[in-house]
Amino acid sequence: MRSHLLQWALATSRNKDQISNIFSGFAGLLAILLVVAVFCILWNWNKRKK
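With UniProt numbering applied, the sequence shown closes on residue 50, and no number is skipped along the way.
Calculated directly from the structure, the hints in this document are not laboratory data.
Predicted, not measured: the structure shown is a model, and the values here were computed from it.
Every residue gets a Cβ at the ideal spot worked out from N, C-alpha and C, and that includes glycine.
Hints are supplied without guarantee of correctness; some may be wrong.
[To be verified] Estimated spans, in silico, between C-beta atoms of each pair: (1) Lys49 with Thr12: 30 to 40 Å; (2) Lys47 with Thr12: 25 to 35 Å; (3) Lys16 with Val36: 29 to 39 Å; (4) Cys40 with Ser3: 32 to 42 Å; (5) Gln7 with Phe39: 39 to 49 Å; (6) Asn15 with Ile41: 33 to 43 Å.
With the hints as extra help, turn the sequences into a complete structure.
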């Protein structure tokens with residue numbers, strides 16, 4: 001019984017790590033996309049201004 005509980009606890013903590021890794025990766029990707037979008041908007045705005 002105790003080993004089952006330990007395995008379950010390890011599995012859930014590993015799952016939480018995986019979820020947080022996926023979330024941080026997704027957040028990083030979103031941040032990069034946001035920076036690229038802002039850069040493109042500013043670049044086009046500067047081209048139009050000239």
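Hints, verified against the model:
1. Lys49 with Thr12: 30 to 40 Å: With Cβ atoms ~55 Å apart, the hint is violated.
2. Lys47 with Thr12: 25 to 35 Å: 52 Å Cβ-Cβ, so the 25 to 35 Å window is violated.
3. Lys16 with Val36: 29 to 39 Å: holds, 30 Å
4. Cys40 with Ser3: 32 to 42 Å: violated, 55 Å
5. Gln7 with Phe39: 39 to 49 Å: holds, 48 Å
6. Asn15 with Ile41: 33 to 43 Å: Because 39 Å falls inside the window, the suggested range holds.
Checked against the numbered hints above, the structure breaks hints 1, 2 and 4 and satisfies the rest.
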